[in-house]
Amino acid sequence: MKKRKKNRNVAIIGIGQTSLSSHKEDQNQVEMVQEAVINALQDANLTINDIDCIVHGNMELFEMQFAPDLWHSLGSGARGKDEYRLTTGGTVGMTLVCAADNLVASGLYDTVLAVSIQKLQEGNTTGGITNMADPLWFRNLQTGALTGTTATELINEFGEERAKRAAMKYRIMMDKHAMLNPRAHRRFGLEYEQGPDLAATSPQLVGELRLIHMCSQSDGACAMILTSEERAKKGTAKPPVWIRDHIQAHREETIPNLFGYVKPEMTHHYCARKLYERNGITDPVEYFDVFEMYDPSAWWAVDWLREFFLLKGDEHLQMLERGDFDLDGRIPINPSGGVIASNPISATAMLRAAEAALQIRGDAGPHQIKREVKHALASGFGGTFWTALMMLEKDLDWQEVENG
Amino acid sequence: MAAKKVAICAVAQHKNESDLWHKRFQGMLLDVLEDLQNQAEFDFNEETGVNTIVSCSDDFFDARTISNNGMTDVLGAHYRAEEKMAQEGLNAIGYAMSVILSGHGDLVLVMGHCKESQSESRNMITNMGFDPFYGRAVGLDYLNAAGLQARAYMTKAGVTDEHLARIVVRARQWAARNPYANAREIVEGGKVMASPMLCDPIRQLHAYPVSDGAVGMLLASEERAREFTKKPVWITGFANCMDSYFLGDRDLTSNFALKKAAERAYQKAGINDPKKAIDVVEVSDAYAYQQPLWMEGLGFSETGQGGRFIEEGGPEKYNVNLSGGMLAGNPMIISGLYRAAEAVLQLRGEAGDHQVPDAKRALAHSSYGAAGQFHSVLILEA
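Those sequence lines, one after another, are chains A and B. When you line the first sequence up against my numbering, it's residues 1 to 404, in that order. When you line the second sequence up against my numbering, it's residues 1001 to 1382, in that order.
Incorrect hints may appear among the rest.
To be verified - Only pairs whose alpha carbons sit at most 30 Å apart, straight line, appear in this in silico DSS-like list of lysine-lysine:
#1 B:K1276 with A:K5
#2 B:K1259 with B:K1317
#3 B:K1259 with A:K5
#4 B:K1191 with B:K1268
#5 B:K1004 with B:K1230
#6 B:K1231 with B:K1317
#7 A:K234 with B:K1268
#8 B:K1231 with A:K5
#9 A:K274 with A:K6
#10 A:K3 with B:K1004
#11 B:K1268 with A:K5
#12 A:K6 with B:K1317
#13 A:K274 with B:K1268
#14 A:K3 with B:K1005
#15 A:K274 with A:K374
Unchecked claim - In silico negatives: residues of chain A with every beta carbon more than 12 Å from chain B:
#16 N39
#17 H56
#18 E161
#19 Y192
#20 D197
#21 G207
#22 D245
#23 Y270
#24 Y287
#25 D289
Stated by the list, open to error - Partial selection, computed: residues in chain B whose CB lies under 8 Å from chain A:
#26 W1021
#27 F1060
#28 T1065
#29 I1066
#30 N1068
#31 A1239
#32 P1357
#33 Q1373
Keep in mind the hints are simulated off the structure, nothing from the lab. Bear in mind the structure is a predicted one, so any value in this text is a computation, not a measurement. Beta carbons are placed, not taken as given, at the ideal position from N, Cα and C, and that holds for glycine.
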């Protein structure tokens, strides 16, 4: 698009989450949706009557509920309202925030509630993900979301010892963050000294991708309330967080190295490059104060940090080794504990945007970054290397950049 | 409605067929895409091409988790944004409009598909639409939920088996003129009334036939519409609405959700009296009884007067479903996209043998969920 100009600004004014766990035996899907929605409404000091439109997301083949928004409407409060249901795989949570942003910015609705839910205990997660692959070509090769190739690539590029150490450093850092987040699902209390031992003894899933590196299967729901600048400026219960821009990109499912190895640009890199370019950001590490990244495994996370921050060579490993990504580091990654700690698939990417917004508001709780957070980045991941990336701001003071 | 407008610049329909066993859905979508590209010159250039694709499909009907994963390359979503509308397809148009009005895109492709023939049975899938505790266990599906609604409505509105036969006979007569329709054979009223009972009072010929199909559309901002067509069709109103979930919590004949959706769409389009303002109506009549019921909800028939509406030739008077409608066969998930595509053809004067002279404003409707829990209404203008 040549000239990109948002029709009007959009603010996040309400955030609600359920706790995240492996088995929410005490709640059905509707009750989880309702809990997230009520938490978001209370956070924004609004009632359901203030909401013009609901956006719903749930990957239905995990729970095997056809058209789940219809049943979930009992908890989302959609009766009598406009409602949309969008799904894009793992990215769905971020797609919903993008969609709510679009719906408000378009002028069609003033206040939109986005809600996402997944209850993975009710289905077979790896079976479900495997089922996304083409039945003729790839399904017999697919192992759910478990992929060992990145570990191999990192080991080849940086040597076994350094690569394995980096993956475990990242993994234990995430656990340390999760220990501070009372809502996180997996909180082990790991120490960095345990790294080498865990890297050697944790059960192997695929190659050097071990159980300890991989994200969880979680139950959880998340809701966010977005409103227009006009509405937000009339007063909000909590400080509004502004959505500066978002971008989504897919890549076709064909595995490029199946017929000759050509490494294409990763969508993480593509989205980051485009987003920074059109917003005039030359040094993302310097600009952003926090990054909530969709990190399905420690190996992917380490690799993707280079892509998202447009780093070269081993810059990302150096940063990781120096502690730049720690909670009190230069650019903290996932103060919430990230996806490795909690992964209710459809809600996961929305949790990234929600947690990034909480950091900007300064009320994330025990995992709040100590210094002021003004600029946040949040990502979603899904499908076959699809990316959704969003920029959040504390102040409505950025300059429109003339390109797109 | 925001000050700016959004145009539909091109529409393409795949012919509905009962069992397209020889074609994968990717192939169907590719045909639709090529049809669109033959009508309008567009590509996927980063600066000037399609920037967002809104797809529409269903994980259950495709039997694939993340069903849109299977065709992002066919849709040109390689390094582009693609979002899947996981409701009935008419909502994809409403959402695509918001993408353009928000300023995030100026050229959006809407692509929907469904192969109902692939599933063992539609009823098995729609049974999964009921909650796992109560509805699913007693065997509810969209057909028998419709049966409950049909009985309640026919009693209230004086609609008889003969009226339903009339609706089906008429649908087939119009479908015979629509090259994209599935069930195009003319039927006699007697044959309709003698067709097997599926779920009392719904007979086999009262129900939409299993169909495979695909629809594509190109939407553009007001500034760019004329780059792609000389005959843009403008979206002037869109709204949808949700009703309560449990059948027992609803008055199945009240049209609660449809009335609200229509009211909101009319308000956006500045319509006071739909009977005077709208020249063509495409309504999603999955079952014959729904045509008069939804026409009540849309304000073309008095409430509870569906029988009289049929008697007095309401469907003919208001140019309802000249495409043959859903009774001539569309997949449930994209029936609204077919309705909208037909409405666009009418407004462009390209509806062939079923063209209404000088149509200026059209309405496309869709329903989603058991017994019409959710409705969407789109208003289009030439």
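Hints breached by this structure
Failing hints, ascending: 1, 3, 4, 12, 13, 17, 22, 23, 26, 32.
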